[in-house]
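Enquirer: For reference, the chains in residue letters:
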Amino acid sequence: MTPNDLTIRIGGEAGMGLESSGAGFARALTRGGLYTFGVADYYSRIRGGHNFFSIRVSPQPLYSHVDPVHLLLALDVETITRHLDAMVEGGAVVYDAKETLPSHLQRSGVNFFAVPLTALAREHGGSDVMRNTLILGVAAGLIGFDQAYLESVIRDNFARKGQAVVDANLRISELGVNTGRSFQTDFPFRMEAVPGAPRRLIVSGTEAFSLGALAGGCRFVAGYPMTPGSPVLQWFAAHAAEYGVVTKHAEDEIAAINMAIGAAYVGARAMVPTSGGGFSLMVEALGLAGMTEVPVVVYNAQRPGPSTGMATRTEQSDLLFMIHASQGEFPRFVLAPGTVEECFEAGWQSFNLAERYQTPVIVLSDHYLATSYRTVEIDALAFDRVTIDRGALLTREELDALEGPYLRYRVTPSGISPRAVPGHPNAVWVSDSSEHNEYGAGDEDAANRVAQMDKRARKVIGAEKELPQPLLYGPEAAQVTFLCWGSTYGPLREAVERLNRERPGYANMVHFGGLHPFPREATEALLAPAQRLIVVEGNQTGQLAMLLRCHTGRVADGAIRKYDGRPLSPEYILSHLNGKV
Amino acid sequence: MTPNDLTIRIGGEAGMGLESSGAGFARALTRGGLYTFGVADYYSRIRGGHNFFSIRVSPQPLYSHVDPVHLLLALDVETITRHLDAMVEGGAVVYDAKETLPSHLQRSGVNFFAVPLTALAREHGGSDVMRNTLILGVAAGLIGFDQAYLESVIRDNFARKGQAVVDANLRISELGVNTGRSFQTDFPFRMEAVPGAPRRLIVSGTEAFSLGALAGGCRFVAGYPMTPGSPVLQWFAAHAAEYGVVTKHAEDEIAAINMAIGAAYVGARAMVPTSGGGFSLMVEALGLAGMTEVPVVVYNAQRPGPSTGMATRTEQSDLLFMIHASQGEFPRFVLAPGTVEECFEAGWQSFNLAERYQTPVIVLSDHYLATSYRTVEIDALAFDRVTIDRGALLTREELDALEGPYLRYRVTPSGISPRAVPGHPNAVWVSDSSEHNEYGAGDEDAANRVAQMDKRARKVIGAEKELPQPLLYGPEAAQVTFLCWGSTYGPLREAVERLNRERPGYANMVHFGGLHPFPREATEALLAPAQRLIVVEGNQTGQLAMLLRCHTGRVADGAIRKYDGRPLSPEYILSHLNGKV
Amino acid sequence: MLTRKDFEGRERPTWCPGCGNYGILNAIKAAFVEHQIAPHEMLIVSGIGCGSKLPLYMKVTGYHSLHGRPVAIATGARLANHGLRVMVVHGDGDAYGEGLSHFLNAARRNVRLVDLVQDNRIYGLTKGQYSPTSEHGKRTPTSPEGALDQPVQPLALAIAAGATFVARGYSGELQHLAWLIGEALQHPGYALIDVLQPCVTFNRGYAYEFYNQRVYKLEDEPGYDPSNRTLAWEKSYEWGERIPIGILYRGSPLPTYEEQVPALRSGPLVARPLEKLGMAQVEALLRELR
Amino acid sequence: MLTRKDFEGRERPTWCPGCGNYGILNAIKAAFVEHQIAPHEMLIVSGIGCGSKLPLYMKVTGYHSLHGRPVAIATGARLANHGLRVMVVHGDGDAYGEGLSHFLNAARRNVRLVDLVQDNRIYGLTKGQYSPTSEHGKRTPTSPEGALDQPVQPLALAIAAGATFVARGYSGELQHLAWLIGEALQHPGYALIDVLQPCVTFNRGYAYEFYNQRVYKLEDEPGYDPSNRTLAWEKSYEWGERIPIGILYRGSPLPTYEEQVPALRSGPLVARPLEKLGMAQVEALLRELR
Ligand SMILES: Cc1ncc(C[n+]2csc(CCOP(=O)(O)OP(=O)(O)O)c2C)c(N)n1
Ligand SMILES: Cc1ncc(C[n+]2csc(CCOP(=O)(O)OP(=O)(O)O)c2C)c(N)n1
Ligand code: SF4
Ligand code: SF4
Ligand SMILES: [Mg+2]
Ligand SMILES: [Mg+2]
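Chains as they are written, first to last, in this note's numbering: chain X, 1 to 581; chain F, 582 to 1162; chain W, 1163 to 1452; chain R, 1453 to 1742.
Be aware that one or more of the hints could be misleading.
Straight-line C-alpha distance at most 20 Å; calculated SDA-like pairs for lysine to any residue [said to hold, decoys possible]:
no., chain 1, residue 1, chain 2, residue 2
1, W, Lys1221, W, Arg1172
2, R, Lys1457, F, Val1009
3, X, Lys98, X, Asn111
4, R, Lys1728, F, Ala963
5, W, Lys1167, X, His424
6, X, Lys459, X, Ala447
7, R, Lys1511, R, Ile1489
8, R, Lys1579, R, Arg1591
9, X, Lys455, X, Asp443
10, R, Lys1579, X, Tyr43
11, R, Lys1579, X, His239
12, R, Lys1457, F, Pro986
13, W, Lys1289, F, Glu600
14, W, Lys1438, X, Ala382
15, X, Lys161, X, Met16
Counterexamples of contact, computed for chain R against chain W with all Cβ distances above 12 Å [as the list claims (entries may be wrong)]:
no., residue
16, Lys1669
17, Glu1673
18, Ala1732
With the C-beta cut set under 8 Å, the calculated list includes, among others, these residues of chain W facing chain F [claimed, not checked]:
no., residue
19, Thr1176
20, Ile1210
21, Glu1260
22, Tyr1285
23, Gly1286
24, Thr1288
25, Gln1291
26, Thr1304
27, Pro1306
By construction, these hints were calculated from the structure, which means they are not laboratory data. Beta carbons are placed, not taken as given, at the ideal position from N, Cα and C, and that holds for glycine.
Put together the whole structure using the sequences plus the hints.
Expert: Quick look at the structure:
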């Protein structure tokens, strides 16, 4: 932890608006030319329960949050109780002067700055949320961050509440900054703005995926609210009128996916965002899409299960469920982006895969990836690389020229049958969810069954090459090779960096961003030189480790797993590695 | 194929009542001291489409149907068209004299006996179903089977339709027998009754499983009609009043499993019978049972998928789906009985497992196993071995003596927490489908989460030993070792026998009747001496082969798979083996 | 000029001889001819059941989908292409059992669908279990002691759910049924037609003889005013010696769901070319992230 | 003699200050005291949502189950132990959205349940999306341009589904609500209580001020006859300047589902010892297989 890399944490009760204040502060830091990584931690309740938002900030790009905290902004005493242990030497706690801290909440090496938060907020307008503005001002003052960026964000964020609110917040922010500055002598860490830095973006996994999907032509989104999947539904709802998208908050998840299938059947690029429990209700229809070869994209932002589990926390425990969900056997793709960049790509690539292979595509995210914010370069969301490839979708002209009856499920060498959508006189057919013949009509003949099963299976022979490939990060050869998938990329990447900083060439890692069909050959090639394999994943049973053994025969030498609802962190990985190596 | 082993096939259109007639004939043969194996083949329609019922009969016990046919009872010409190729040399076709057979339907080495089926049926009472009675009489006459047994079945089966119907059928049956006898010189195969044989049973997988479940204390069955699962619901409905069982045909499968969970929560042994598509809708609630530790038994009689698939046919393609269904991770058991004897055992054992481990148990059957009839010894359904073990279920006395607050989810070394059911003043608690603490109340604390996850996972450490163990059939050492699961047992067993008859000691097989938690140690021990492994299963992707590699590292040397909706047969296995060895 | 022949399917129905579904199939074809709707202008989404096989037995664009879900699929299809006519055809088990919630939601949303329910008051394809509309006490394989549920009242429920076109047809009255289908097709919004459909194999008590003696047409009923919702609601309970068929309720049309969606004002979703975002759009989107 | 204290839970509610659920919690406790129902004699099955956390905040046997499924679970519980009282407590999204079909089926089955719906006309726990009872045009995160669905009419639907006890309560009228719960508990069969529940955080338009000015009690309404089904059905649509609370419909009781199940005549299922089959039973069963 260099002084060039700070973590600021703001904590308090649910209902205090911590997340949006914290995200606003991260935005200000980003505008100030710094890189941030912001992550929220909250309970599944509307009020009460301890919530916090951590912002890591550095002049260098960041891929993960970290555990140690430099500056704790405590809106209540509970925050101090919970996070004092995480504070670094020389760190500081800012708290409300109205509280008297019990002695066990003091800690040598940590400074305590009392600020009359509630009193000042009342004085300046009354709204409790102004304490957030105030305390974040204090933070800016403490680290020596240019308050102009803070002010610009305040202006943007409070604009729709009117000039009076903006002004009040600006005033209290300034008060905070000055207060913070006055404490600087007792706080060794600084993080100044980088004035000439290029403009950057601050973006969450939810936003990145939604943007990718929109860019990729997603025009129909149906869902039912469920944390942390529904923010994608809500993102699309907010952009629907402007970008010509139909969104539907349906009566339940079953309706949502069936609506999406109906929309896709008639030719729209359609998606359902959900979380594991909602996905469970979509399982039957997933098979319908597989059988009738309807391209549909399912976005599952995982949260800890089983059942209701922990609604506002994170886990990576739905992988094998995604691969095997629904009765019978049919091809599907499972993607698991690891960064916001990859979320964006998964957004558009999933639709190309779905339409080219005429089969469902599942994008697995999780609460951590979906809700954390990261500062990235302006071109990180690569809009210019987006393509829209609708595969063997017959154009109007091709349909005009069609002779003879249209065979929706023609048996072809590739397994892919030219696809029409309803509405053309030359392509009038019925798709049957029962095993069907080339016309689409139910047919129980044994040879036909095998022909259609083989046709569908054939579609994905070799198609794992179309998925994001397993990526090696770090030196080609290393003593330890870590494996991970999805959102574990960031924390593990940082752990690998730190290991190599201490012992150059010690560790590398392979990240899976596409897991089904399993990229066997690429994996075998990447892992051939690996000496010691350790699989790091956010679940209890080791789902990637199982896939690895099943498809390559490699048995991992160790595992680092986490399933307490909190994301993996570099420190967690390193401390568990030491327990293992 | 010895003359001691005949297959008689009756074929015609849907709606002709073939299945019940065929089953009746198999019952008569059983009463006559013979062993039978009866299997139906029909379309998912109420009328039309070609249906047939095959009865294999022998003085020796049988475990499977076979492909070759000795005697074809053709109620229509289509039957001859479809099955002529399956006829053995010397076989015979009985058909309706009103038809003129086209020349391509003649075959040397096969005799054709014309009988005025329709004409005689009309003469004797008019009902078309009487053609079935007549033609089965012809069959009895041809093979020299004592008509008294046929008559006893006719009396039982038609009794509720009144004496007139019984008499008419008896008359026409006798006519058939006499006609059959008159053809005997042109038909070389005989199958006489074994008069002094012990009484035996003729039983389907559906019946065996239902009986086992009832014997095991199943008192609540909720379901929604779906072939081939609902026959279990209907069996229970028919026996409900007599045996004190509540059955509920619910509004959908979601309601069905949630009702069962509600019933189990208050202390009843509860089950949901379904098929894959219905199971897909139960996935969310399965996780609820896992999380809240409610014992519930799910019976899935598989049919070909994906989606509606082939409603009246067979497949073994839901295995991995069963193991991974529902978001998050929780313990469960998956059983896959292979014979009616094992169906019976799975019936009661599943409830003991569910209650002892307080977790859902899935019993996987399939259309073939559920609907085929087999003659077994009178004690094959081992009622005397049934036990009812409710596990750590607190008795009234134990609850009376309880001190302090009741901890429904107490963290114990075994992971099993003493369970109460609602209704006692000393055990008042709320079970939460969110992660909960020992009281059952939602709790998001990280340490609590891990404690409860580990507690649940701990329940099944070593519990694979409680499952039906993988069973070796055949010599200890062999050149080829086959692996299979579920209903493939019968056909594969016969294939192994035949191989060893030709080349003694050539083949053996291992059958899995319990697949999750995977019996790793037992499998490794059994397979250690195996030279060449071939996995035989009724699916496309090789699901057992995947499990095998994943859990033991063993890669099968070959695979024999079938997914055309028809069951594996000994001949299919042998011919595909020759293609492979 | 379209004729019956234009709707001839490739396959012959496999329904039992005498099944009420033949009449429904013929009525649908007749309505399409009458209203000159070509096979490719119509999407029939069906569920799973005997009756749901209907689109396979005529020439039409169709989707033989999942048990209980055709209404949701049809809703999605309409929202993505409201230039296409969409009809749902399914059994009573499909519509009022597994699919009950979708049916009521389509009604309150007023998605423009003709929802034709083949109400044989039994599960046909799975061989005769009682259905949501089976009468109390009905003995079937899942209710050998008699069904204990009171039957669903689909017409009353549809009205309570907000449907503005609620009708009952009878497959033994082909012309009348064809007329009803035509009216429903012209109704701007969700239209339910519950069709009394004899299942001659599994529900012999409700065969043609039963209905022929009882059904009467509301159009012939002096003074019956289908625009009176309370009257319609009461009428929907009439079942016994007299069974009404015809349009029970026709409320003043409400805007359809599709009409109200901002993104659909400029035409069907699928009619717009699927293009990459423009520079200005990308700029605007990125601005939100700064 | 049970008192309020006997229902004190281990945990304090985490609802927002001012949330209507506090009133409902208090009314439930008051009703249990009034009718002397001990915590172990009642099973409260709840769904998922803010309000569904209720059983966790009092002393009672409970099951905080799945979103939309508590009615099905409660039905199973009643069928397996009709010696136990069973109540369902859940939100409007749970009851009329995800769980719509189970609600209507419980009504037509007449399972003896008190079904209390915390109708805040919004999804609380997931932070303010529109719910099945939200008004047309409501702007929320999933309907930024205004909701396009017409709201579900739960009372009308319950009546149409065959419920014989249909009531509306208001969490701001604690004593009245407690009385309603008591009446519902005594009703032999399915009883719906839709409770107007202010969500002070996500649905400020329907706060106490809104309801306090509008609600009136049907009991005080001269001439209102809750046994008249048509009247009740019409009344269920009244919503505006005046909003009725009280018992809208109380039909003559029908036999409960549980009463009609042959296997339950001799007492609750779980009360019978779970024993192996006797020799004679085995013999009888094997006879079917010969
Ligand atoms: C999810 C699911 N559950 C059950 C089934 C089995 N199933 C097929 S058709 C049917 C009911 C048929 O009844 P109905 O909808 O009234 O149609 P009918 O056959 O009477 O025309 C059922 C339960 C299924 N295909 N899918
Ligand atoms: C299957 C499923 N879908 C979605 C969710 C997410 N979810 C939790 S509560 C809720 C809705 C809450 O609304 P309501 O039922 O009205 O209860 P309230 O919070 O308003 O009391 C939803 C959609 C879930 N838990 N399970
Ligand atoms: S079973 Fe009934 S509904 Fe099905 S085809 Fe036959 S008559 Fe028609
Ligand atoms: S969000 Fe609304 S319903 Fe939920 S606790 Fe707060 S006020 Fe109550
Ligand atoms: Mg029906
Ligand atoms: Mg609500």
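Enquirer: Which of the listed hints are broken here?
Expert: none
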